[in-house]
Each structure stands twice: as C-alpha cells, then as structure tokens.
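Residue numbers (numbering that gives the first Met the number 0), protein chains in the order written: chain A, 0 to 225; chain B, 0 to 503.
Hints in this document: simulated from the structure, not taken from any laboratory.
Idealized CB from N, CA, C, for every residue including glycine.
Warning: the hint list may mix true and false statements.
Claimed, not checked - If you want a taste of the chain A side facing chain B, the calculated C-beta under 8 Å gives, among others:
id : residue
1  : F90
2  : M161
3  : H195
As the list claims (entries may be wrong) - Derived Cβ-Cβ restraints for the label pairs, each shown as a range:
id : chain 1 : residue 1 : chain 2 : residue 2 : range
4  : A       : D148      : B       : A242      : 52 to 62 Å
5  : B       : Q471      : A       : H176      : 33 to 43 Å
6  : B       : Q218      : A       : A40       : 18 to 28 Å
What the hints assert, rightly or not - As a list, the in silico PhoX-like pairs of lysine-lysine whose alpha-carbon atoms are at most 20 Å apart:
id : chain 1 : residue 1 : chain 2 : residue 2
7  : A       : K86       : A       : K152
8  : A       : K152      : B       : K338
9  : B       : K476      : A       : K86
10 : A       : K199      : B       : K338
11 : B       : K295      : A       : K86
12 : A       : K88       : B       : K62
13 : B       : K116      : B       : K312
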Amino acid sequence: MRILVVEDEHKVSDLIKRGLTSERYAVDVAADGIEGLEFVATYPYDLMILDLMIPRLTGEEVLQRVRRKNAFLPILVLTARDSIDDKVKLFELGADDYLTKPFAFAELLMRVRALLRRGPVNRSSTLRVGDLELDRLTQQVRRAGRRIDLTAKEYALLEYFMQNEERVLSRNMIIEHVWDQSFDGITNIVDVYVRHLRSKVDDGNLFKMIRTVRGTGYTIRSENET
Amino acid sequence: MNRNSLRLRVTTFYVGSLAVALLVFSAAVYFGVKTFLTKSLERMLSNNAHSIISDYLVPLNQKGESWLVAEMSESYPAGYSEPFVRVSQGARVLYQSGDMRDPFVSISKLPLPSDQKWFNTFHRETTTTGQRIVLYTVPYQTPQGSVIFVETGAMIEPIRHVLRSLLLILCATTPIILIAAAIGGYALMSRPLRPVVVLTEQAERVGRKELGERLAIIQTGDELERLSFALNRMIDRLETALAHNHRFSADASHELRTPLTIIRGELESLTQMPSLPAPVLDGIGSALEESNRMAKIVHSLMTISRLDCGEDKIEFLPVDLVEIVAVTLDHMSLLAEEKHINLRFRPGAAVYVAGDSMRLKQIVVNLVDNAIKYTPDGGDVSLFVTAEQKKGIIVVTDTGIGIPAASLPLIFNRFYRADQARSRESGGTGLGLSIVKAICGVHGGEAFVESSEAGGATFRIELPLLSLSAMQIDQLKAAGPFEFLPSEHAKSANTKSPVSTRIL
C-alpha cells in the first residue's frame with residue numbers, strides 16, 4: 000500500500016510518515032501542491048493525505064485537479080478549519096474524509112485503514128473479543144457466557160470498541176461516533192460512560208479488557224493476543 | 000420625546016432667544032409709551048398754564064376780575080374734567096374749574112400752593128378721594144407786585160389705564176408668539192433634520208447586520224453629505240479592522256493547530272517505545288492530556304469567534320426545545336447518576352423555535368454539564384422548557400454552590416472563572432458559557448443568570464418563539480432551511496443588554 004502525504008510542515012509529515020511506515024505502509028511526502036500533483040501523476044498511490052494550507056497551490060485546488068483525472072484515489076484531508084461549511088465544501092470538492100488538526104495518530108490510522116479497506120466489511124451479526132460476545136440482532140452481550148445488561152449508550156459504546164479491537168480510540172472519535180459533535184465541549188462524559196461500561200464488563204474478571212491509554216483514549220483487547 | 004434631541008435643543012435655543020428679544024422689546028415699548036404719555040400730559044399742562052398767564056392774567060389790570068372769571072369759565076368750565084385749572088392770589092381763589100364729577104375729584108380741597116419748591120415743576124398729589132393727579136404751578140408777578148398762582152392739573156389715571164392695557168397686550172401676546180414659534184420651529188426643524196434621521200437609521204441597520212452595506216450618500220452638498228461620506232469611510236476602516244481580526248483568528252488557529260499536532264504526534268510516538276519507565280509514561284500522558292485541553296480551547300475559541308462574526312451560516316429549521324432537552328438529557332444521564340444528582344425534566348407540549356438543532360443542543364449540554372459540575376453529590380438539577388410571550392425559554396436550575404454576586408455580570412465572559420481553583424481542577428476550558436452566549440446571539444436570543452449567595456444558580460435562555468400551527472411547522476420542516484433574521488426578531492428586545500444579570 001502506497002500513501003502520498005502532501006504537507007509542507009516538515010515535522011507533521013515526518014510524524015505521519017514514521018507512524019504509517021511502522022504500520023507497513025509505503026509513504027512518500029510532497030512539500031507543496033505542485034510537487035503533490037507531480038507525485039500523483041507519476042506513481043500509483045492507494046491513498047493521498049492532503050493538508051489544505053500548503054504553498055504554491057492550495058489544498059482545495061490540488062483536490063479538484065486530482066479529482067478531475069483520478070476519480071478513485073481516496074483522499075483524506077487534513078484541515079485546521081473545522082466549521083461545518085468548510086467540511087461540506089471539502090466533500091463537494093471530492094474529499095473522502097477529513098481530519099481536523101490536532102489529531103491523535105490513532106485516529107488518522109483508523110481513517111486511513113477505513114479508506115483503504117478492501118473486501119467486505121465485517122458485518123457478521125456477532126462481534127467477539129476474547130470471551131466477550133456481542134450479538135447485534137438481539138443486542139445481547141455476554142462475557143464467558145454470563146449475560147451483561149447494558150443501557151443503550153453503553154451498548155453503542157461497547158459495539159464501537161469491539162468493532163475496533165486492539166485500536167486506540169480517542170475521546171474525540173468516541174464522542175463523534177456514540178454521541179455527536181454538540182457534546183464536544185463537555186469535560187468527562189466519555190470517561191464516565193467508559194467507567195460504567197468497564198465496571199459491567201470487567202468487574203469480577205481477572206483480565207481487564209477495556210484499557211485506558213493515557214492522554215489518548217481507550218482500547219479493548221483480549222487476553223490471548225497479549 | 001428625547002430631551003436631548005438636536006431638534007428640541009435648537010428649538011429651545013431660538014425660542015429662548017426670541018423670548019429675551021420680545022422681553023426687551025416689550026420693556027422698550029412700555030417705557031417709551033409711558034414716557035411719551037407723561038411728557039405730552041406735562042407739555043399740555045405747562046402750555047395751558049402759560050397761555051392762561053398770557054391770555055388772562057396779563058390783561059387783568061385793564062379788564063378786571065369779573066372779566067377773568069367770565070373768560071375762563073368759557074375755556075375751562077366748572078365741573079369739566081381735564082385739565083382743571085385754579086388761579087389764586089394768596090388765600091383767595093380767583094377762578095377754579097371746579098370739582099370733577101366722574102370720577103369724583105374734589106379739586107377745591109387741594110391745599111393752595113405755598114411751598115416754593117413746587118413752583119414751575121410738575122408734582123404729584125393724591126386727592127382726598129384717592130385719585131392721583133399731576134399738578135403744575137406757575138407764579139405770576141403782577142405789575143402791582145402781588146403774586147398770582149396759576150395751577151393746571153390732570154389725572155394720571157388715563158395714562159395708567161393706557162399703560163395697563165399695553166402691558167396686558169404685551170403679556171398676552173408674548174407667550175402666544177413664543178408658543179407659535181416653538182411649534183412652528185419644531186415642525187420646521189424636521190425638514191433639515193430628516194436626512195440626519197435617515198442617516199441614523201441606515202447606520203443602525205449597518206451596525207445590526209453585515210458591515211458590507213454602506214450608507215446612501217445624502218446629496219445635499221452640505222455638512223450632512225460630508226458626514227455620510229465620513230461615516231462610510233469609518234465603516235470601511237472598521238470592516239478592514241474586522242477582516243484583519245478574522246484573518247488573525249484563522250491564522251492563529253492554524254498556527255496553533257499545527258504545533259499541537261506535532262506535540263501530540265511526538266508524544267504519542269514516544270509512548271510506543273518499549274519498556275519506558277512508569278514516571279516517563281506518566282509525564283508523557285500528562286503532557287498529552289494538556290495538549291488535548293489546548294486543542295479544545297483553540298477549537299472553542301474558533302467556535303465563538305465564528306459565531307460572533309456570523310461566519311458560520313446557521314441553517315434555521317423549526318426545532319422543538321422540549322425534544323432537544325429530552326434527547327440531550329438522555330445522553331447525559333450517567334453524568335448526573337455518577338454524582339447522585341437528580342436530573343429532573345418533565346417534557347410538556349412542544350415549544351418550537353427557529354434554529355440549528357446541533358447548536359441548541361450544545362447550549363443544553365454546556366449548561367447541564369456546568370450545573371452538574373457545580374452541584375455537590377445528592378443535589379438537584381432541574382430543567383424547564385416553556386413558551387412565554389413570543390419566547391421559547393429553557394431554564395436550568397441547580398442546587399449547587401451558587402455564584403458570588405460580583406461574578407454574575409462576568410460569568411459569560413471568555414475564560415472567566417468564578418472559582419479559579421475549582422474550575423481548573425474540573426478540566427473545563429472556561430469557554431462553555433461564552434459559547435452558550437454566542438449561540439444565543441446568532442439565534443436572536445438572550446442568556447440570563449440568577450444566583451443567590453446561599454447557593455443554587457439558574458440559567459435562563461430566551462429564544463424567539465416560532466408561534467406557528469403544527470401544520471405550518473411541518474411545512475417549514477419539509478421546505479428545508481429558511482431565511483431567518485434573528486436581529487430583526489430580537490430588535491425589540493435589544494434595548495436590554497444582551498446578557499443581563501439579576502441577583503436574587
């Protein structure tokens with residue numbers, strides 16, 4: 000998988016490159032819009048990560064020009080602007096997804112994976128992480144066969160965790176997925192809900208599945224994979 | 000009527016000047032007339048006296064006293080009023096025109112002239128019947144050496160009567176003239192002042208809406224045209240300054256976001272390193288948390304500045320406040336449960352306002368989050384949604400620690416914290432209530448706070464009510480976002496300051 004990062008801020012592109020390389024992606028970096036267009040024309044990329052504020056050509060222009068030639072290249076836009084208007088405009092210009100700076104690398108990685116995902120998405124009715132089972136049809140959750148009663152919010156939260164086993168989910172990602180943007184301002188809503196979920200899932204078990212990744216967010220993992 | 004209006008002041012000024020001028024004029028007329036009348040009376044008296052001397056006293060020697068009496072009773076008949084005359088020699092009266100009948104003045108009772116100082120002068124006497132008269136006494140030296148006095152006199156009353164009438168006329172007409180001038184002038188002033196009124200209205204409109212508009216130039220060629228040009232130039236400068244400000248916010252935000260991204264990324268990649276000692280991991284974690292908070296502050300600041308300068312286009316749709324509150328509370332119930340706080344809300348009939356549901360939800364989220372944060376374990380947080388007088392109202396009341404009276408007016412300010420230590424600890428950005436105020440602003444609403452020292456705070460959000468029937472609401476919803484001018488809606492309410500505070 001080859002990814003092009005168009006970003007003039009050397010340190011940012013370096014971080015993305017390091018992170019994605021360690022995830023075994025091949026990464027090229029272009030420092031401005033013109034160079035970015037040249038790279039796209041030269042190499043077959045599977046994904047482009049495009050910063051909007053770049054020299055020589057604006058991100059929007061690069062986006063439009065790439066889309067004119069290549070309708071299928073997934074493009075993830077990095078933006079410092081986060082108004083709804085800006086976001087709508089980005090999708091109209093042909094972006095597939097966007098990420099607002101500053102972002103957690105885990106979130107970038109997740110979006111990259113989602114955009115690169117090939118083949119059918121795991122849509123089976125039962126999610127499994129270790130001895131934890133979630134049945135999407137009956138909305139029942141069991142751990143080691145013992146039934147766990149969850150509220151609607153806790154269920155949505157756990158489903159999101161289990162869909163992303165092993166991945167770190169930032170508070171921002173969780174808010175956007177389980178609540179909505181208007182809850183963004185609240186201080187600790189995610190922590191409170193995760194704490195409750197954790198007590199229901201992990202209490203009485205030796206292995207604690209829901210882990211805190213300090214400063215970043217939460218993740219769920221099973222015993223056998225550690 | 001505004002007591003300070005230019006129109007009133009100009010009118011007052013010139014009516015005042017007119018009043019002074021009229022007073023001076025009236026005084027001049029009054030005293031002029033008085034002097035003229037007095038002088039002509041005196042001239043008549045002296046003429047009469049001297050003509051008596053030359054006509055009757057000089058030939059007295061040849062003609063005799065009886066001739067004098069006969070001649071004089073023809074010219075100055077007895078009982079005839081004015082002027083009365085008396086010719087006397089020593090204590091003997093040679094002739095007198097007699098007492099007057101109407102009004103009754105008994106001239107005969109006047110003392111005969113004796114005092115030297117009255118000779119050849121005009122002096123005033125009061126008769127026994129109380130009439131004021133003016134007298135003129137001339138002594139005549141006969142060739143025989145004796146002295147004959149000639150007295151002429153007239154009543155002052157007619158002059159006084161004329162003067163009284165004059166005064167009455169002046170006193171009556173002056174206020175009438177002044178009132179007429181005031182009314183006329185006030186009406187007249189409206190013409191030259193109309194461009195000013197138009198200019199003011201335009202300027203107010205520009206202030207309320209976008210700065211993009213300009214005033215229509217008043218082509219009168221006078222000072223007002225200059226003023227409208229000057230105002231437009233000022234708006235230009237304001238617009239440039241604001242544009243710079245926006246640019247600065249956007250740039251600052253971008254410039255802050257990029258380093259924040261780098262800090263985050265570097266810290267995150269550090270945590271991936273194997274076998275880091277626990278204190279290092281702890282330090283990195285703490286730094287990450289702070290960078291998160293910084294990101295949140297940058298985000299909130301941007302949100303507020305965009306709302307304040309109207310950069311975010313709000314999609315107005317009919318929104319049911321009851322539903323918004325119910326849904327939001329459902330999402331937040333656990334926050335209250337954690338602190339054993341009773342979160343109370345009893346949904347009633349729908350209350351529709353025009354707004355952006357995400358933004359309105361954010362109001363509820365921020366207020367409820369705030370209330371829970373400052374309410375101790377086991378307290379109450381209650382919400383009410385009502386419709387009152389064209390307003391949709393959300394009230395959030397808590398039984399928390401309350402807000403000191405001194406803090407109330409500042410509570411919606413950016414970064415204002417009533418209790419520094421406490422709020423930092425709870426990890427807020429200090430911008431939640433500013434966002435509430437800004438969202439209220441773009442919806443043409445207002446935010447209020449009340450609190451007592453004893454504890455408990457009440458936040459009250461007032462939004463323009465969409466008082467339409469259920470069918471109209473459905474039609475509006477189906478039609479999609481609509482044009483809604485909160486500023487027009489809120490115009491009447493804007494006389495109050497947008498954020499007012501009341502202390503119970």
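Here's how the hints hold up against the structure:
1. F90: Since chain B brings no Cβ nearer than about 16 Å to F90(A), farther than 8 Å, the hint is violated.
2. M161: violated (20 Å)
3. H195: holds (6 Å)
4. D148(A) - A242(B): 52 to 62 Å: holds (56 Å)
5. Q471(B) - H176(A): 33 to 43 Å: holds (36 Å)
6. Q218(B) - A40(A): 18 to 28 Å: Given about 59 Å between the Cβ atoms, the range is violated.
7. K86(A) - K152(A): The given pair, whose Cα atoms are some 27 Å apart, is violated under the 20 Å limit.
8. K152(A) - K338(B): holds (18 Å)
9. K476(B) - K86(A): violated (23 Å)
10. K199(A) - K338(B): holds (18 Å)
11. K295(B) - K86(A): OK: K295(B) and K86(A) at ~18 Å, within 20 Å.
12. K88(A) - K62(B): violated (133 Å)
13. K116(B) - K312(B): Status violated; Cα separation ~102 Å.
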